Each structure stands twice: as C-alpha cells, then as structure tokens.
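Which chain is which? The protein sequence lines are A and B, in order. Note that the first sequence ends on residue 393 in my numbering; no numbers are left out. Note that the second sequence ends on residue 392 in my numbering; no numbers are left out.
In case anyone wonders, no lab produced these hints; they're calculated from the structure. Honestly, I wouldn't trust all of these hints.
Once the Cα atoms are required to be at most 30 Å apart in a straight line, the calculated DSS-like pairs of lysine-lysine come out as [stated by the list, open to error]:
1) B:263 <-> A:201
2) A:114 <-> B:332
3) B:253 <-> A:114
4) A:198 <-> B:320
5) A:198 <-> B:263
Coverage of chain A stretches by chain B, computed from C-beta distances (three or more under 8 Å per stretch; other residues unrestricted) [unchecked claim]:
6) 165-174
7) 192-199
8) 379-388
So these bits of chain B aren't anywhere near chain A, every CB distance computed over 12 Å [claimed, not checked]:
9) 250
10) 270
11) 371
What you are looking at is a predicted structure, and each value in this text was computed from that prediction instead of being measured. Note that CB positions come from ideal geometry on N, CA and C, so glycine has one too.
The residues making up each chain are set out below.
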Amino acid sequence: MKRVWMLFLIAGCSTVDPKPETPTEYTFKAPEGFPATAYRFENTPITQAGFELGRSLFYDGKLSRDGSISCADCHQQEAAFSHFDHDVSHGIDDRLGTRNAPALFNLAWHSDFFWDGGVHDLDLQPPSAIMNANEMDESLDRILEKLRKDSKYPAMFRAAYGTEEVTTARFLKSLSQFMLLMISSNSKYDRYIRKEAGVTFTADEQEGLRVFNLKCATCHPAPLFTDLSFRNNGLKPTPNPDLGRALITLRDEDRLRFKVPSLRNITESPPYMHDGRFSSLERVLEHYNSGVQATENLDPLLSQNGRRGIVLSDAEKRALIAFMKTLKDDTFLSDKRFSHP
Amino acid sequence: MKLQYLLFACFLFAGSGCDLFESDGFNVDDKGTLKVVFDNVVGDKDLTLNSGSYVNAAGETFNVTTLKYFISNIKLTTEEGKVVVYPQESSYFLLDESDPTSLTLTLTDVPAGNYKSLTYMIGVDSLRNTMDVSKRTGNLDIAGKAKGMYWSWNSGYIFFKMEGASPQAKPAADGTTNYRYHIGQYGGGFGTPPVKTINNLKNSTLTFGTDMLKVRKNKTPQVEVKMDVLKVFTGQYTMKLAENPVIMVNPLGANVSANYIQAYALVSMKNNVP
C-alpha cells in the first residue's frame, strides 16, 4: 500500500512539467468555418521556441549559398509574404527564376505546394527554394553545418527541442511551425461575415460580393478563396510555355495547368499569374473578360455557351475590385509575430 | 529407433536450444546474420568508375562517373513459403559504387531458417516517400546520406542514378556530351484529386534453387548479386544516348527501370561462411 502511494507520488510529480507554457498566440487554432487542415500536426507540436527558431531561420540569409538571400527576400510580410512588384523570383547573383513567388498564409490547409503542386508536405517545401540554383542555391547539409557553428542557433535548438542537435527534421519543422501560424482570417470580409459590430459593406462591396459568388467563387471559394485545384485559365502562350502541373505528373491533361491562388490579400501581392505577367487586378479581370485563349486543357468553366472567358461589365469589374479590397487582412499583414526578429 | 528418439528430444527441447544436428539444426529463436554483396559489372568485366570505357547495345561508347541506387524492403521466403520481412525501418540501403563498403548489406537479427528466396526493392517505397520528415533518417536523410538522391521540386527520392559521358551523346546546350539517368517516381497518389504518376518501383527476387539459404546463429551466409550496367541500356528497350542523354522525371524513365530490374542477377550463394 505504501509502495503504491509512493508510485503515485512519483507519477504525480512527473506531470508537473517545468517547461514554460506556450502562450495561446503560439498555438494553432483554425478559424471558425475553415475546412479540415491538411497538415499532419500530430508530428509537429507547435511551441513558442520552435516558432521563434523558424522565424529566425525564415529571415536568415544563411539559408542561401552566399548569405545574401533569405526566405523573406521573396516572401515579404507587407506583400502577404509574396515578392512585391517582381514578376518572377529574383534570387542569388541577381538570377531570375521562372515563376512568381506565391503569397504565404493559411498553408495548413494546403496539401500541394508551388504553382505545379510538386511538393506534398509543407515540411518539404523549403528545400525546393533552398536548392534551386536561381533562388538560394544552397545545400541542406551546408546549412545545418552553418547553424551548428553559429553563435545563437544551438541555444535556440535546445530551447525548441531539448538538445542542441541540429537535424534535418528539426530545421524544417521549425520553418513549418513559423509558417503554420501565418493565418489570415481577419479581413474586412471575415469581420463582415462574422457580423462584427460596426462592420458594413458599401454598395460597391456588396455588389462585388454578389458578382464574385456568381462568376468567381467556383475556383476561388471562401473561406480559403482557392479550391486548391490545378487549372488552365487560358493565358496567352509564350514561345516556350511553362507546362506547369504536367512537369510533375507527366500527364498531357495537366499541361498548362497551375494551382489556383488564394484571393486573400490579393491587392497586396501584385503582380499576378504564375509568371507575374499582369501588374494589376484590372488587367487580370480584363484577361478573364476578353483575353482567355483556346489553349490545350483550357478549363471548361472558361469556355461555356460558345464563349471563352467570363463576361464582366466595367461596373462589375469595379465592384469586384472593391470586393477584393475587403480581403486585405491588416491584422495579418502587420502581425508582429511574423516580422523580422 | 534411435533417430526417432532424437527427433522426439528435439521436439521436446525446441525453444531451449536443440543442436543435435550440428550442420543444419537451429533453434527457432536463433538469430543470424546474412550478407548480401552487390557487384556492379559491365558484361563480364568489373565496373571501373571514370576510367573504364564501355560500349552499349546501341554501339555507343560510354563511361560511368556515378552509380548509386537504393535497395530496400528486403524479404526472405522460407522453404515452407513463409515470408520473413526484414525490419522496414532498417532496410533502406544506399549503394554507391564509389564507396565499396556501401555495396555489402549486412542484415542482422535474421531469424534462423532455411530460405528459398530473397526479394528486395530498388528504390524507396511510396509510403516512405510520403512519410514525415522526422522518419527520414540515416540513408534517407535528405540533408545527409540521401543528398543528391532526392528531388526537392517534386519531393521524391531518386531510386537509381547513373551518370557518365559518351562521345555519341546528344550534346547539351554548352556542348558537353554527358548522360544522366535519374530514375525515381513512386506512383503518385497526391494532389486534389489524387493523381497517379509513373511507378518505377521494382522488386527483384533471387531464388536459391534446391540449395536453401541457411541462416544460423553462428554462420553468416553470403549472397553475391551482380548488376550489369550494359543491361541498363538494353533488355526491354534499347536506350540511345544519341537521342536521350538525360532521363529524369520523364516517361522514358519507365523504360530504364524496366531494363535495370533485369540487370540484377544472383552470382553465388555461400552458406558455409563462418
């Protein structure tokens, strides 16, 4: 009896964990009304220390060959973590990539990354940009070596994972922890839908929402404002077109298909399309109105009743832009948790 | 009469160590070690990286500068047909011609028994190819041993990598005449909706005929396997470096994998290695 009591005491002691509690702002909480997440959270518990390590790495040039390029160079917070005003990625040695750096937010809901969906796990997304010769041009083993020798990182790894050991998984999961908390769900639209006090839509915004639901929401459904699918939206072909999704799947039916981007914060992340060819939302809407080309695998939604594209009057275009402005999430864009540490 | 008695005794003491038949007897709980030695060859010659000059089925002269492949998912089948799976966690071997020690696979804690065949996969199965990064350690660490055997842009392991040069190879933009075969792709199943892609995962089975592979507590049988580089270029499909010197994520990868699975063959099996 006495022995049982002792055991109970010991077991009781072990539950009193000296580890600091992670404040709620560092725990993942899906916004109300969002669908099920795709990320495997069971393998990656988020902690404040893990998040802060990821944040430090995200802003660190050590992830590139010569120290000049960090993740944040092409993923800037004020541009919803896209590369403001850059059509294609501008990487190391002033080299240019072939595609537009996508905005980063609500990544826990994505199961396929990049315009072509070549990567299927957020943890494995950073190596693609790191190892790309036009982006960061660095190898993972060299990065881990740099971090081991660094003056601040071993202590940060210890804080996050209990020991100073720098492993591939710890490195990548820290970046994931940082990116997973980048949730955008507090735009004017969100507050309007939640019927928050004092939040109203103007007549233009209401009209924009109506037109949006009628003509855009199939591919860009709320609350993510993307259906996460891959589609060909009929862009004018370039001499050597980027085949997009087909480069991954090798299927003819995936030629010229690209991942549907989210429209959240879209006013902040120009230019648009996988190659950044459109500098403004006006030009994007005009493409859908009059520019859709009959290229192979053109999405059937863009070719209905014998007409290509989506008919949009000037008034509808104006209303749609007014509506898209309501998807700007200032809370997210200025959230200090995500800024340069 | 005496033999029957002995057999009976064996029955009684199976599990506690009956070793009365000194050559073939084994305890069902015994564990042993098995070595599988891979030898990369070119026809009847041993492969020499860089300096060796060879001719493929299309009549093209070539050398080999890099040859690496994954061997995984090793299974043994007993004479009764029971399949013994080598622990999957420990069964990812990365063989590199430039590192001779990597060509010998030492399988430990193999249940003692008489085995009629051994099966292995060339490549990394789809489950491990989509498994959490924390489970990708050792030979599968993309920042470690698997460096160069992983495509970051389509997040998949390269199963089989062979590179070299050939004067007949179609020149690249910079005029060099190198060839590169990087074969991977595990059948996909990713995306919304899920997409099936090429599946280059292949299994090879070595059968030992009437001689069983005998794993025992104190004896380490050794299996020697050869991989004939010439067969990578021919067999089901004759590959021409003059036409396709670079085959990576490409439908032609299926032709290369169909060829190379037939390039692996049993050379010898020795039971009595102390």
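Structure-based check of each hint:
| no. | hint | verdict |
| --- | --- | --- |
| 1 | B:263 <-> A:201 | 20 Å, holds |
| 2 | A:114 <-> B:332 | 53 Å, violated |
| 3 | B:253 <-> A:114 | 25 Å, holds |
| 4 | A:198 <-> B:320 | 38 Å, violated |
| 5 | A:198 <-> B:263 | 18 Å, holds |
| 6 | 165-174 | holds (count 6) |
| 7 | 192-199 | holds (count 4) |
| 8 | 379-388 | violated (count 0) |
| 9 | 250 | 4 Å, violated |
| 10 | 270 | 4 Å, violated |
| 11 | 371 | 9 Å, violated |
Of the hints listed earlier, those the structure fails to meet are numbers 2, 4, 8, 9, 10, 11, in rising order.
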